[in-house]
Amino acid sequence: MLDFVKNGLRDMFHIWREELKSVFKDEGVMIFFFLVPLAYPVLYSFIYNNEVVHEAKMVVVDADNSPLSREFIRRVDASSEVKVVQQAADLGEAQRLVDSKEVFGILSIPESFSRDLHAGRQTTVSLYSDMSALLYYKAFLLTATEVSLDMGAEWTARNHPQSTEQLQAIAVQPIPSENIVMFNTQNGFASFLVPAILVLVIQQTLILGIGMSGGTARERNRFHTLVPMMKHYHGTLRIVAGKSLAYLSLYVFVCLWVFILVPRFFSLPQIGQPLDALLFLLPYLLACIFFSMTLSVFVRDRESPMLLFVFTSVTLVFISGISWPMYAVPPFWKAAGYVFPSTAGIQGFVKINTMGATLNEVAHEYRTLWMQTGIYFLTACAVYRYQIIACRKRLIARYREMKAASGR
Amino acid sequence: MTIRDMIHSIGDIARRECIRIASKPIYLFTMVIAPVISLVFFLSLMQNGLPTNLPIAVVDRDNSSTSRTLIRQLDAFEQTQVAMLTPSFAEARKELQKGTVYGIFYIPEDFEQLASTGKQPKLSYYTNGAYLIAGSLLFRDMKTISVLANASVGLQTGTAKGMTEEAIMGQLQPIVIDTHAIGNPWLNYSVYLNNTILPGILQLVIFMVTVFSIGSEIKQGTARRWLSMGHQSLWVSIVGKLLPHTVVFTLMGFLFCAVLYGFNAFPLQSGWAPMLVAIFFLVIASQAVGVFMIGTLPTLRLGLSFACLFGMIAFSIVGFSYPLLAMDPTLQALGRLFPLRHYFLIYVDQALNGRAIYYTLSEYIWLLGFLLLPFLIRKNLKQALLYFKYVP
Chain A
1 MLDFVKNGLR DMFHIWREEL KSVFKDEGVM IFFFLVPLAY PVLYSFIYNN EVVHEAKMVV
61 VDADNSPLSR EFIRRVDASS EVKVVQQAAD LGEAQRLVDS KEVFGILSIP ESFSRDLHAG
121 RQTTVSLYSD MSALLYYKAF LLTATEVSLD MGAEWTARNH PQSTEQLQAI AVQPIPSENI
181 VMFNTQNGFA SFLVPAILVL VIQQTLILGI GMSGGTARER NRFHTLVPMM KHYHGTLRIV
241 AGKSLAYLSL YVFVCLWVFI LVPRFFSLPQ IGQPLDALLF LLPYLLACIF FSMTLSVFVR
301 DRESPMLLFV FTSVTLVFIS GISWPMYAVP PFWKAAGYVF PSTAGIQGFV KINTMGATLN
361 EVAHEYRTLW MQTGIYFLTA CAVYRYQIIA CRKRLIARYR EMKAASGR
Chain B
1 MTIRDMIHSI GDIARRECIR IASKPIYLFT MVIAPVISLV FFLSLMQNGL PTNLPIAVVD
61 RDNSSTSRTL IRQLDAFEQT QVAMLTPSFA EARKELQKGT VYGIFYIPED FEQLASTGKQ
121 PKLSYYTNGA YLIAGSLLFR DMKTISVLAN ASVGLQTGTA KGMTEEAIMG QLQPIVIDTH
181 AIGNPWLNYS VYLNNTILPG ILQLVIFMVT VFSIGSEIKQ GTARRWLSMG HQSLWVSIVG
241 KLLPHTVVFT LMGFLFCAVL YGFNAFPLQS GWAPMLVAIF FLVIASQAVG VFMIGTLPTL
301 RLGLSFACLF GMIAFSIVGF SYPLLAMDPT LQALGRLFPL RHYFLIYVDQ ALNGRAIYYT
361 LSEYIWLLGF LLLPFLIRKN LKQALLYFKY VP
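Top to bottom, those sequences are chains A and B. Residues in the first sequence are numbered consecutively from 1, following the working numbering. Residues in the second sequence are numbered consecutively from 1, following the working numbering.
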């Protein structure tokens with residue numbers, strides 16, 4: 001019994017070493033295990049690093065041309081989100097500027113602007129926004145609304161002087177309100193999307209890398225199976241344990257870079273407890289590894305993982321409930337999301353990392369990941385067991401063939 | 001070689017390619033099944049256009065008839081659903097961290113009484129910036145309800161003083177902004193995202209399949225045979241080989257257009273022709289980029305990795321979610337290297353806004369310009385086809 005365990009462990013470490021060696025020898029696998037996890041997070045952070053839209057370009061049609069309307073325009077221009085680049089004579093000219101993409105929005109001030117205000121009537125300013133990017137629309141709308149509220153309040157205060165400051169405020173705004181944005185306080189794009197991408201990169205590179213090394217093994221091995229015919233490769237458990245340990249030991253370093261250093265460099269939000277993040281990432285890594293090992297059985301040659309799995313990346317971002325809210329994901333896709341570790345991984349990691357949740361708050365995701373780890377461990381074992389048997393069968397068949405041939 | 005010979009060779013090579021495609025299921029999967037899965041996925045995910053009934057928590061410290069009316073009105077918005085009613089802010093915040101609610105609406109103590117006596121009670125609403133879409137939709141609803149609450153109290157006190165409604169509104173909100181979202185007035189996210197994501201998927205699989213089909217000739221050592229069928233002409237060989245792909249991908253592109261503009265009736269101001277031409281140009285431009293990739297890196301796995309990484313980056317750098325002009329200047333120049341970027345600009349001009357074709361002509365020319373790329377690597381590619389030895 002002791003011997004059995006000793007042999008098992010020896011084989012496991014042998015397989016561990018062999019797998020590491022083969023990873024470092026294979027530039028294709030190295031691309032996915034190292035180059036992509038190193039470069040992609042940096043690239044994506046760089047792309048979204050400006051976080052919000054600054055100085056979205058806008059044209060103004062000022063039919064009123066009064067001190068009041070000019071004041072309104074000046075204030076819109078002064079905001080950090082919007083820049084008034086030009087004044088147009090009429091809407092037609094403004095439209096042409098939008099068509100030629102010199103500006104993305106039109107602010108049209110009516111000829112009756114100051115007349116209405118002086119008469120104590122409501123006046124309407126029209127805002128037109130190009131819808132090629134929702135963030136422009138948002139920048140224009142928020143800025144124009146803010147300026148209109150501020151200027152409106154000041155105008156009322158000037159025209160209806162009250163005896164005290166208190167009464168003044170009440171006349172302008174009987175019920176004040178305020179918005180507080182939590183966790184990603186500037187509503188930044190990088191802080192919102194990049195943490196999700198970081199988590200996804202881990203799963204996708206593992207699928208591609210492990211799939212590729214599986215494909216290579218099949219191309220090389222005599223009987224086109226995942227497992228070579230060698231004395232160390234006899235037990236299912238030692239193969240699965242040895243290989244997964246190899247991937248795990250590599251990805252500890254990858255995770256260090258992806259989850260600790262990259263967020264620091266680009267000052268992404270990171271308010272979670274490091275220990276919680278660490279405890280959460282462990283089952284995520286394990287689930288991804290066993291999931292990838294299971295998938296690698298569908299891979300016939302070394303290039304097919306890319307053709308099979310890369311297109312899922314965009315889908316998985318949306319199924320994870322970060323950009324498209326989970327409550328609006330149809331039940332069928334929600335169920336499909338449970339197949340992939342990235343769904344619970346992204347949800348849980350964002351909650352811990354960005355929203356400062358503890359393991360208690362992400363209990364559901366944490367349990368899901370451990371369950372996936374268990375299930376995919378079993379499927380990985382089943383897959384390898386099947387491969388060992390297939391390999392043996394072919395060997396025996398081959399042996400009989402040769403024996404029959406020599407006996408004749 | 002006469003023109004007749006050329007056409008003959010192209011036909012032969014195309015027939016050979018059809019057999020190669022049919023004999024490997026992975027082609028069927030990548031060229032047809034993967035794009036169709038994506039089509040079904042994205043359109044069914046966003047079928048309502050906007051996420052509806054996003055859960056929020058309301059912290060009602062007042063519990064009066066006024067506060068309850070406010071909550072009812074908030075719940076009546078299409079995007080907002082009051083999923084939790086609690087007197088404790090800490091509890092609501094915990095749910096926000098768990099992700100079961102995306103926002104908190106806070107009504108302070110004695111709200112009703114303070115409002116009616118002119119003591120300016122303050123409404124606060126919290127949105128979760130980590131979920132950007134949910135956060136901004138809820139922001140809109142909660143802001144509207146706060147402004148409405150302000151107006152209704154203002155109206156009550158104003159009417160009591162004997163002012164007309166017009167005068168009161170002129171005092172409460174002298175300047176109103178009337179917003180027009182040109183082309184997509186419903187702010188439909190499916191229109192906004194799927195018009196670019198789906199062609200992006202098409203571009204990605206075209207990159208991969210083009211690289212894969214040429215690269216596997218090198219890997220399997222059949223490249224010389226293929227080239228000799230084209231009488232040693234690289235162009236005849238490539239055109240013959242990629243022609244069946246062009247047909248399949250163009251049909252997929254037309255299917256996408258039919259589903260987007262026909263079945264879903266998304267905005268199509270320009271009529272069909274400009275978009276069908278655009279998607280056809282996107283197909284051939286992407287194929288040209290694919291040839292360029294395998295020509296630059298003639299090892300199948302490296303060429304294919306290049307295709308994957310470039311194809312994935314396209315989704316971000318095209319700038320349909322986060323605008324390209326808001327990115328770093330180096331990235332703005334880089335964006336031009338992606339066929340999808342030009343397709344996106346055509347879509348914005350034509351389908352979304354129905355602008356004169358004059359504004360868009362340069363983007364069509366850009367897409368055709370990608371066809372020049374294979375010429376840059378012709379020597380390298382031919383060398384690889386003739387002499388490259390695949391090292392596993």
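Careful: at least some of the hints might be erroneous.
Claimed, not checked - In silico lysine-lysine, PhoX-like type, Cα no more than 20 Å apart, as pairs:
hint : chain 1 : residue 1 : chain 2 : residue 2
1    : B       : 143       : A       : 138
2    : A       : 334       : B       : 98
3    : A       : 57        : A       : 6
If you are wondering where the hints come from, they were derived from the structure by calculation, not from laboratory data.
| query | Does the alpha-carbon distance linking residue 143 (chain B) and residue 138 (chain A) stay inside the 20 Å limit? | reply | Cα-Cα ~14 Å, so holds.
| Under the criterion that the straight-line Cα-Cα distance not exceed 20 Å, is the pair residue 57 (chain A), residue 6 (chain A) satisfied? | Judged against 20 Å, a Cα distance of about 71 Å means the pair is violated.
| query | Is the straight-line distance between the alpha-carbon of residue 334 (chain A) and that of residue 98 (chain B) 20 Å or less? | reply | Holds - the C-alpha atoms of residue 98 (chain B) and residue 334 (chain A) are around 17 Å apart, at most 20 Å.
Against the hints set out earlier in the document, a violation occurs for number 3 only.
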